[in-house]
Amino acid sequence: MAQLALSNIQKSFGTFQALKDVNLEIASGEFICLLGGSGCGKTTLLRIIAGLETKTSGEMLLDDQDFSTVNCHQRNVGMVFQSLALFPHLNVGQNIAYGLEVRGVHKDKRQDRARKLLEVVGLSGLFDRPVSALSGGQRQRVAIARALAIEPKLFLMDEPFSALDAGLREHLQIEVKKLQRQLGVTTIFVTHDQHEAMSIADRIVILNEGRIEQAGTPTEVYAHPSTRFVADFMGTNNIFTSEFTPGQATMLDGANLGTPSGDMAKLSGKHTIAVRPEYLRLAPANEDTGDLIGTVNFVRLLGASIETELKVGERTFVHTQVSDRAPEFAVGDKAGISFDLDHAWVIPS
Amino acid sequence: MTRLLKRLFITAIATGLILPFLIVAGVSISAESNIAFPPQQLSARWYTELLTQRDWLIPIRNSLVIAAFAALLAVSIALAANYVLWRLKSGFGRLIFAIGVGPFMLPPIIIAMGASVFWAEMGWYGRAEATVISHGVFFVTLPLVIIARGFAALSDDVIEASRTMGATPLQTFTKVIFPLVLPYVITGYALVAIISVNEYLISYMVSGFAVETLPIRIFNNVRYGYTPVVASAAMGFALLTITVLLLLSTITDLLKLLGASRD
Amino acid sequence: MKRAVIPHLIGLFPLGMMSFFFLAPLAFMVVVSFYERDPLGFYNVAFVWDNYAKFFSSFYYTVSLRSLWSASLGAVVVVLLAFPAMYIIVDMSRRWQLFWVILLLSLMCLSEVIIGFAWLILFSESSGIPKFLGWIGLWEDPDSLSPSFGAMLTGFVTLGFSLVALMFFPQMAQRDRSIEEAALTLGTPPARVFSKVVLPNFLPAIISSVVTMFVYFLGVFVMPTMLGRPQDWNMTVIITDKAVGDANMPLGAALSVIMLAFTLIIICGLLLGSRRGRVQT
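Residue numbers (the working numbering), protein chains in the order written: chain A, 1183 to 1531; chain B, 162 to 424; chain C, 25 to 305.
Bear in mind the hints are in silico, worked out from the structure with no lab data behind them.
Beta carbons are placed, not taken as given, at the ideal position from N, Cα and C, and that holds for glycine.
No false leads were mixed into what you were given.
Using 16 Å as the maximum straight-line C-alpha spacing, the simulated EDC-like pairs for lysine to aspartate or glutamate come out as follows:
hint, chain 1, residue 1, chain 2, residue 2
1, B, Lys417, C, Asp115
2, B, Lys167, C, Asp115
3, B, Lys250, B, Asp317
Covered stretches of chain C, as calculated for chain B (at least 3 residues, CB under 8 Å):
hint, stretch
4, 112-123
5, 284-292
With the hints as extra help, turn the sequences into a complete structure.
Here's what the structure looks like:
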């Protein structure tokens, strides 16, 4: 398998800078997710790695060899495209064997391998089927098998599941993850869906406007976002700036948040902190506690949890609780908001 | 390497398509009476002749009048057929559409021959009205397909919205549908008009001996010894065609209309 | 249900116009093909097979063969040129695409007569290619290049190019380009992507445009008369000559009916073929 090192990758389309100084090291056998909104540069980065796009500057090493001068068709990367790009004029078996055919592999050998892969993705028996006769999920599997047939050094996937419904998508995410672990192939997966990224990646790389905002394990980026953008993107909804004074209680809008401990006790001045919705506590409003008093703005049921949105002046707080009981507050109710500062995360500025 | 080959190929094609007209343009502004290129002396005399002499002016007038009415007829047939197909989405609408595509599938000579015997039987052989109707019916395919794109872009929601706000079907048509398909209708009209102006075989076989159109005039002129005035007529044609298309490209997105959907 | 009456009534207008002025003339042409020629007028009502009998002579046999030959050769050449050209054009900038579209639309609208005339000038001894070749010394004794089979074929290709190119335009512009990228990542050398993936994918469209052009070139009149020699003239020229020149409408009608039948067989074959192709894939 292979390890990939990208340093100072830049890419411009005319005056538009799609990628700005991207540095990333990917270990052999690692499953990386490139995560970000549309236009963040994630697909461009993937296409540069595949050789479909050329970088403007920077260095790209695969197993310590310069990779950027190798032509796309000689890079030996398996790619699954967003549209899947199955060859409509070939049947399932011919699609999977295509890469081996252009490599001059003998017919019997490549058919054997195609059948084996078809079995791996759970489609044995569909070898002679035309691709137009396949369901959405089956096409996905054929595309995956076709990319893996060439025993790629890198396995690249560009939002392959975006067109599928939620159930099938989850199912395929699990399958791809298992398959990748079994084969140990270095994988780069592009998505805009943070849930998808969290559920399959070893490491998530969050991109914004052509820059890497944060790279880390799913737990790291979820619990400890290093920028406000990441916190927003990963769904840490309660982000605010408050005043810290060493040894004293931290205040927010006149409410007492308690005295911080540990590293946070050393902070002074204004800092941005984030609290995940599940760590907020709501209680019946009581002026005496010194809690923040908010007005319930919106309540919605999200299946396993209940989400309550509250307003404190211009500020919005989001609270979630397990939905094993009825919502405690209704729209218009006043509630006291509190949380442990230990659960808050200071976003480095 | 492949880039260079591609560029060479495409330039060669463009040259093959444009070069003949550059030569014609050169001939048309030559002062000499016999066709020669490159021109020794420049002059506008052939254009003056084209626009002042009766035996050129009459064909020009005939062609323009026939084109104006034929295009009107073709577009009204196409609009009605598309409306019916869109409203009914039934076999009836599809049948009309299928017949409308027919003329494009057949070799022009068959259509011209059919029109010729038909008008001979009806007693209109040699009349400009016959040419108008035949052009209008036979060139229906192009506006039919173009206006169909307009109706395809029309979502049912818009119409239902108009209905829920209390509009009658007629009001919905005049206030919502027609304005939305109008660019397609105009494009269809313009294309039929220029194709009709340029058409030779049907005009010739239906009324050629009595109603001389410009293509007939040019053809006869070329066949029986010609002067550079033919070149100026040809250039006039080419310029008219290109002007109309350029005007069209300012009111509609021609690329989208022809089916390119590039973002 | 009552609401649908008005659309049906509106539908009668296009249906009536097309039936009366398109289908009826074709049907009447079949009737006239059995009439007798009237040397003083158009025709006399009769029922004779003479007009069809004339077709089975060596003269019409030769004319038919060379019509088929020139039309099929022209169709193949024009598609061979237009398909790769469109493949390149749709990837150009919007500005250049618009240039091409306007050029192609102009050519599509432009009269056969004009295009033929333009080539006539370009092929002529006094002002075109021969003169140029003579001038630069490549051709010592330049002679006019038309009328000739090659000149006629050039006319065919110029005439059909815009039609084929515009037919390919939507499919070509909207095609999924990641299919070609997939071929690349799977190891296809760039120079072979066109033949390995693009061409086979467009094969049905290519075949149907060759057939469409073949049918179209069968019915072309101006190019053979303007640029071809009498021995290059196709059936269309003969039909026009008989019907208008000799005022023998029944014979012209009979020959047209034969061409119509031939065309319909080809179109049906194409439709059947494409349906079978669709069932398979």
